[in-house]
Amino acid sequence: MLEHVHNHITSELQQNTRTDIIFILTAILLNLITLAVNAGMSEKSRTDSATLIAMFAFVCLIVLVNLVVVFGLTKGKQTREKLLNGLIKMYKDQNVDKYYDQSLMGNYNVRYNLFIMVVIFTGVIATVVPFILR
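Following this note's numbering, the numbering of the sequence shown begins with 24 at its first residue and continues without gaps.
The set of hints was computed from the structure by calculation and includes no laboratory data.
We put the CB at the ideal spot given by N, CA and C, even for glycine.
It is possible that part of the hints are untrue.
As the list claims (entries may be wrong) - Label pairs and their calculated CB-CB ranges:
# : residue 1 : residue 2 : range
1 : 29        : 76        : 50 to 56 Å
2 : 133       : 80        : 33 to 39 Å
3 : 136       : 108       : 27 to 33 Å
4 : 151       : 108       : 23 to 29 Å
5 : 79        : 109       : 44 to 50 Å
6 : 120       : 79        : 31 to 37 Å
7 : 25        : 102       : 19 to 25 Å
8 : 80        : 48        : 21 to 27 Å
Model the full assembly from the supplied sequences, consistent with the hints where possible.
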């Protein structure tokens with residue numbers, strides 16, 4: 024039974040990682056694509072109000088998607104921490120906790136914070152640069 028629980032937790036950790044990767048790549052790709060599209064429309068938006076409205080619509084999309092991604096990554100971070108705490112407890116019960124360096128928990132937190140920072144900054148750049156070019 025213990026092996027089944029261990030397998031379930033590690034499977035959840037793997038699923039958590041895949042979900043986080045999808046969130047991160049989606050946000051970064053959307054930010055870069057929107058940056059390119061809005062930058063391309065920036066000159067025309069000086070004279071065409073419909074183009075300017077389209078640019079603002081893309082900005083709204085960036086903000087919404089980035090908020091969802093940051094929320095998802097935050098929940099992913101919390102989930103990973105809970106799952107790893109469960110594994111550590113299991114390892115302690117089995118006297119094998121000495122093989123798991125608990126400083127990894129801090130490393131995971133730093134990594135999540137870096138991912139969130141990248142998503143936020145690419146979103147800010149994708150939002151601001153086209154309006155500077157305008």
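A quick look at each hint next to the structure:
{"no.": "1", "hint": "29 / 76: 50 to 56 Å", "in the structure": "holds (54 Å)"}
{"no.": "2", "hint": "133 / 80: 33 to 39 Å", "in the structure": "holds (35 Å)"}
{"no.": "3", "hint": "136 / 108: 27 to 33 Å", "in the structure": "violated (19 Å)"}
{"no.": "4", "hint": "151 / 108: 23 to 29 Å", "in the structure": "violated (39 Å)"}
{"no.": "5", "hint": "79 / 109: 44 to 50 Å", "in the structure": "holds (45 Å)"}
{"no.": "6", "hint": "120 / 79: 31 to 37 Å", "in the structure": "violated (53 Å)"}
{"no.": "7", "hint": "25 / 102: 19 to 25 Å", "in the structure": "holds (21 Å)"}
{"no.": "8", "hint": "80 / 48: 21 to 27 Å", "in the structure": "holds (22 Å)"}
Of the numbered hints listed earlier, those contradicted by the structure are 3, 4 and 6.
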